[in-house]
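Number of protein chains: 2
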Amino acid sequence: MATRIPITVAHGDGIGPEIMAATLHILEAAKAPLDIETIEIGEKVYLAGNTSGIEPSAWESLRRTKVFLKAPITTPQGGGYKSLNVTVRKVLGLYANVRPCVSYHPFIETKHPNMDVVIVRENEEDLYAGIEHRQTNQVVQCLKLISRPGSEKIVRYAFEYARRNDRKKVTCFTKDNIMKLTDGLFHKVFNEIAASYPDIENEHWIVDIGAAKLADTPNAFDVVVMPNLYGDVLSDVAAQIAGSVGLAGSANIGEHVAMFEAIHGSAPRRAGQNLANPSGLLLGAVMMLVHIGLTDTAEQVHNGWLRTIEDGIHTYDIYDEKVSKQKVGTKEFADAVIQRLGQRPQILKAVAYKKMDSQSAGASVSSTPASRKELVGVDVFLDWTKGGANDLGGDVSKLSGDGLKLTMISNRGVKVWPGGHAETFCSDHWRCRFLPEAEGKTVGHGQVIALLNRVAGAGYDFIKTENLYTFDGERGFSLDQGE
Amino acid sequence: MATRIPITVAHGDGIGPEIMAATLHILEAAKAPLDIETIEIGEKVYLAGNTSGIEPSAWESLRRTKVFLKAPITTPQGGGYKSLNVTVRKVLGLYANVRPCVSYHPFIETKHPNMDVVIVRENEEDLYAGIEHRQTNQVVQCLKLISRPGSEKIVRYAFEYARRNDRKKVTCFTKDNIMKLTDGLFHKVFNEIAASYPDIENEHWIVDIGAAKLADTPNAFDVVVMPNLYGDVLSDVAAQIAGSVGLAGSANIGEHVAMFEAIHGSAPRRAGQNLANPSGLLLGAVMMLVHIGLTDTAEQVHNGWLRTIEDGIHTYDIYDEKVSKQKVGTKEFADAVIQRLGQRPQILKAVAYKKMDSQSAGASVSSTPASRKELVGVDVFLDWTKGGANDLGGDVSKLSGDGLKLTMISNRGVKVWPGGHAETFCSDHWRCRFLPEAEGKTVGHGQVIALLNRVAGAGYDFIKTENLYTFDGERGFSLDQGE
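In order, the protein sequence lines correspond to chains A and B.
End of the first sequence sits at 524 in this note's numbering; the numbers just go up one at a time, nothing left out.
End of the second sequence sits at 524 in this note's numbering; the numbers just go up one at a time, nothing left out.
FYI, nobody ran anything at the bench for these hints, they're computed from the structure.
If chains are identical, the list can't say which one is meant, so a pair holds when it fits in one copy or spans any two.
Here are the simulated DSS-like pairs of lysine-lysine, each with C-alpha atoms no more than 30 Å apart in a straight line:
1) K372 - K72
2) K254 - K123
3) K439 - K482
4) K229 - K123
5) K254 - K368
6) K366 - K390
7) K221 - K123
8) K221 - K414
9) K427 - K229
10) K72 - K366
11) K446 - K123
12) K368 - K152
13) K85 - K221
14) K123 - K414
15) K427 - K107
16) K396 - K209
17) K414 - K427
18) K221 - K482
19) K152 - K209
20) K390 - K254
21) K363 - K152
22) K390 - K152
23) K85 - K123
24) K439 - K414
Keep in mind it's a predicted model, so treat the numbers as computed, not measured.
Excised from the complex, chain A in its bound form (with noise of 0.2 Å):
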């Protein structure tokens, strides 16, 4: 008998338990190899104070097993409970999320009957590094940030997962029209990425229009790999079309751990009544038995779920009477799947899953080429109220000196002084960039800080600084809008 693998297992909250047991039973009745170890999350734990959701010791079979097989849970209402999935995706590393977004048209409703989307989706960075300040009255902030490690890491993955499932096309959705230096970083990463997957092809789509076809002709995609943001929306897009919300499992992966669950939640006004349907999480274990390397269990598994819902046999949340032959509850719905292993669907298609050496492939970051780097301005950002874009740029162009010019003042990111327009609305959120007095020069940390002093010096409220630099005579800094 083959060696057992441990996983770890979370039961959560809701519907969790019972779609948990469903899930844990088929896995066993296909003899699933599997040592389980069971930890406790959600709600439970954060309200026995822990503001996380997770215990230490949760933490430590994680990265035992370095598997992770997670029902929904409830984050309690109320101030200070963080999320979870987020919690476990930013501490372990879990940079890929890949969603498969699948149509199972006629058994299923869906406006797009041969949707076979897989949304890969950058799960670190962007925005969601959730770093935001408020430094004026009236404006907020908050960093995007890109990597290109963080973007090659997520671009390779996806290139990876389409060689390993035979599939044909990547695209990349970005804005880099808009954000030439982020996006446009995430868009050159992937077309170097690309060159080196030549068996498959590749696009780019802008994210608008990429999304509005995603959303009226799914099937024009295959693997789309996207920025966080952009993912987070258009997944939820894609499932949401494809009518398998409730159906639809997901992969979190890591270089260490990779975390797999049903894509709804906790639904707790359905626990405990035999109702919930456990196909999510099932699909879920399915990418993971993928993962550690079962690929026969998963595609029994998979093939045997294809065919009890082209049996139409439907638990209540997928439950037409156009097409669907009998209503069971959770355990039923389980039972009839167990009786379908070794059945494959005669009308919906097949899966069939490729061993492979590995499964965790593509986390692999090339070293970056060292660029020289030189520091030539910085911008200055002021919270100031005292009048219009001229009197400031007045006042503070006398601070120049000590190598240092002010050479534009801009206003969320359009240029009012010199030379601005009277209809520019202005904030009270202004900044002014200061480059060298000689063109070509370079600038010392110590002209920065000197600046600084006199900026401070005559009474403004400098809120925040971002220096300008070239990286081999390159320049990493954006210019405005009228600059």
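Given chain A's structure and the hints, the job is docking chain B onto it.
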């Protein structure tokens, strides 16, 4: 005879001149009392060396008439040409982008027969301020800015629009479960302003779930107001699934000037062949007529156009032999609309526009209550690659002093010191948070500058700073995952 109303018209590039001619022909036939000033924008102006695509004299016309009917333009390929639309929006403060997304079932193919949603998109701020900095080898940043006056203007506009157009509900989309300060401000302002429109229903959706609902069941929505990025993506989604990208007009509304256009591009390959569909620009012109108070003419043109569509008189782009009766060119389509001026649609819903004293209401901004603002610390960001988080924590701790103490280091928003997790992937972009040594104390700008001096003196490359403030005692900055 009524006083003529001056407007500025640009004929644009590609199919622009043809669809503008058709549109103006219809407006003339409808006896719209317009006094037209023509300006040159787009390709010719770009190629003449003006990187913004618009001449100084054109600005003067826009400022004089305050109303701009604009045909699509072509931005030449290659470096240095700036988006004319972005320039006009930002310089003239066109804060509201209004895009009705309507389906015309059964005459235009759509999966969403009863769709009638208006997307009101904030148009000036958010990530589209375009403020980007690369400050380390690995990491690039873009600032997302949300302001209280910016949020007030757009939300109030959405409610005023709803009231003027007999709309029943305004929905707000944000991601304030993650971006609690920025999107939280937008949501808070929405709630405040909604309270003064008791006649209009209001609701808020998290943008991912809201987008999924919008893409699947758009008739659940009426008017939807959103920050810039979400609005950019979801207005394209909504127009696409309505089936009406080629038929949709949009308005860009400012306090001083407003611009009206089709949402499609200049389609150079279709140019000069009398093929293009003028409907998008015509419906943009209808929004313009409403804006300048010519509601009777607007109604007459819009209803005549609806009648033309349902009479099956269609240009090539929407011609479908199942429903179309006659395939016509641009000019013949305009003639068909003119023949139907004064008629109303029989199957599609006729429009009715209310006369209002001011169509540009909604721009007023409440004076922000002055808060007691106190400086309570600073985040200093370092570019550093010489070791792990504990090395950095130990060394930077030594720079504490003069009332400021290192309390936390994070990397891409994850706390890594003190007490980080070994699995957390660290980039070269580190944030060091300094707070007062004694709790409850405030800090002076001089202390921040002195700290930067110690940081630079110890050989660190500080790349940016973010001051930490409280407002009326409330924390104006986010805590980190794990903090």
